[in-house]
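Asker: If you read the sequences in order, they're chains B and G. Residues 0 to 295 in numbering that gives the first Met the number 0 are what the first sequence spells out, letter by letter. Residues 0 to 295 in numbering that gives the first Met the number 0 are what the second sequence spells out, letter by letter.
Careful: at least some of the hints might be erroneous.
Some but not every residue of chain B turned toward chain G, in silico, with C-beta under 7 Å [said to hold, decoys possible]:
id	residue
1	P31
2	G110
3	L114
4	S138
5	I155
Simulated from the structure, these hints should not be mistaken for lab results. All C-beta atoms, glycine included, are put in the ideal place defined by N, C-alpha and C.
2 protein chains.
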Amino acid sequence: MLATDLKTHLTTTRDAVDRALDEFLPKQKTPPVTIHKAMRYSLFAGGKRLRPILCLAACEAICGNDKPAMPLACAVELIHTYSLVHDDLPCMDDDDLRRGRPTCHMVFGEGIAVLTGDALLTQAFEVAAQTKPSKTFTSAEMLLELARASGSLWLIAGQVMDVEAEGKPINAEQLRAIHERKTAALLGVSVRLGAMAGGATKEQMTAMAKFGYCIGLAFQIIDDILDVTATEEQMGKSVRADAEHDKATYPKILGLEKSRAEAKRLTDEALAALKIFDKKANRLREIASCMLARTN
Amino acid sequence: MLATDLKTHLTTTRDAVDRALDEFLPKQKTPPVTIHKAMRYSLFAGGKRLRPILCLAACEAICGNDKPAMPLACAVELIHTYSLVHDDLPCMDDDDLRRGRPTCHMVFGEGIAVLTGDALLTQAFEVAAQTKPSKTFTSAEMLLELARASGSLWLIAGQVMDVEAEGKPINAEQLRAIHERKTAALLGVSVRLGAMAGGATKEQMTAMAKFGYCIGLAFQIIDDILDVTATEEQMGKSVRADAEHDKATYPKILGLEKSRAEAKRLTDEALAALKIFDKKANRLREIASCMLARTN
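Full structure from sequences and hints, please.
Answerer: Below you can see the structure in the form of structure tokens.
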């Protein structure tokens with residue numbers, strides 16, 4: 000019963016996010032057509048919209064309504080998409096496929112793919128700037144939080160460390176540092192931004208930050224595990240890609256068993272952080288549990 | 000006398016902008032070191048800081064003080080620098096030299112150059128988000144203005160149209176559309192943001208928008224002219240690059256004489272737009288005249 004209800008919620012929310020993104024973005028026919036076609040090609044590629052869903056659920060947990068967080072929810076998805084477009088480039092991970100389709104540069108060429116990533120990143124801030132201030136935060140404070148998490152100390156730092164670590168032996172601590180930046184930073188800020196838009200107090204922000212950090216790290220560990228255990232069909236992208244790029248992963252360093260235990264421990268810690276919230280946070284609790292159990 | 004005074008002002012302001020940028024940016028030794036080294040390599044490359052100087056002078060024209068505009072002045076320079084780093088990439092203009100030094104990707108490799116551009120762009124919004132609201136505009140409104148001018152309808156549109164026009168015959172109208180986006184958009188928004196930070200009224204914003212548009216377009220026409228007439232030593236970069244890339248330019252389409260006349264006409268129009276302002280706008284007037292007379 001709960002599972003069906005959650006499934007419906009995820010589908011409904013994904014569709015609402017897609018509609019909002021469609022509204023925020025220039026139409027496909029807006030000149031110059033190439034860039035708007037490429038932006039939409041990469042953005043509407045069947046993503047699960049996990050970051051927006053977390054952002055909206057965090058907002059609902061605070062104020063019982065997810066509407067105020069919609070621009071920020073769209074902004075984090077735009078940033079996620081830009082980072083994938085640039086990450087797939089020949090001079091980076093050199094991936095031909097993404098979610099079962101040719102990557103942006105395969106379709107539009109490298110130059111346009113660079114510009115498409117730039118445009119999606121810029122669009123993220125244009126959309127985020129349209130967030131209304133909440134009871135406890137100004138719009139500029141929310142933008143600052145988003146920019147910091149996406150910048151050279153977090154999201155981009157993770158990409159750099161990932162590139163630099165390829166083929167080198169690293170330990171569990173170093174791997175955690177990469178994962179914290181490459182994945183957990185954006186998932187964590189999605190949660191924090193939702194809470195800010197909902198008007199969270201200081202105490203609530205601390206709890207949400209803890210939740211976001213744990214769930215973000217757990218997500219990447221599970222991603223590492225699925226890259227080893229899932230099929231290409233389940234994932235909609237090339238699997239065993241980590242091994243192919245000689246990338247360090249949790250299963251490689253800790254083994255599958257211990258990696259699964261670590262993901263479980265982090266999810267429990269995330270759920271414990273939500274104890275101070277009432278039933279308005281139930282959606283967020285369900286999503287966290289569902290993320291641990293995911294198979295794609 | 001005036002010339003000496005202006006020269007001093009330009010040097011002093013450039014140094015103040017450099018100090019502010021140095022403060023805003025993570026230190027060179029901050030991990031991951033590579034990205035912060037690359038960001039600083041590209042940012043501190045001896046640029047004239049024209050966009051920040053215009054932004055600060057516009058703020059002074061409104062409120063008699065340029066301090067409120069400093070974060071925005073730094074933000075437009077960060078955006079200008081990111082666009083150069085990406086524009087120089089092998090998959091774009093493929094330039095080896097910029098301001099007499101090897102370009103970012105020549106020193107740090109293509110992957111890091113892509114990430115460096117991304118980091119500078121993100122940093123721009125992080126810095127801009129630290130602008131205080133003025134009497135007439137919220138910080139979020141200023142950020143929105145910056146994001147729009149830098150996005151797929153303006154700055155990035157210009158890059159796309161530039162790439163797509165290479166080697167094709169275009170007319171004067173199409174060329175103007177490219178220049179409006181590729182160069183005038185960012186110069187124009189520099190002026191508008193300075194005015195917004197200074198607390199400009201609606202009427203003052205209209206005048207500043209007109210000034211910024213005209214001066215921005217004049218700047219690019221002069222750039223086209225200098226690419227034909229100046230020496231590499233004067234410019235600190237490869238000249239005749241436009242002809243080499245078979246790019247359409249004003250001299251190519253209108254001839255040198257008519258191009259010079261058009262730059263003069265636009266500068267006069269820009270100065271006329273400043274008529275509603277008192278002597279606090281004198282610096283802005285001087286800068287506009289100086290831009291028309293520049294030889295590098």
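Asker: If you take the shortest Cβ to Cβ gap from B/I155 to chain G, is it below 7 Å?
Answerer: holds, 5 Å
Asker: Does the interface hint hold: is B/S138 within less than 7 Å of chain G, judged Cβ to Cβ?
Answerer: holds, 4 Å
Asker: Have a go at the B/G110 hint: is there a Cβ in chain G nearer than 7 Å to its own Cβ?
Answerer: holds, 5 Å
Asker: Would the hint on B/P31 be counted as holding, given a Cβ-Cβ threshold of 7 Å to chain G?
Answerer: holds, 4 Å
Asker: Can the hint on B/L114 be confirmed by a CB-to-CB distance to chain G that is less than 7 Å?
Answerer: holds, 6 Å
Hint compliance for this structure: every hint is met.
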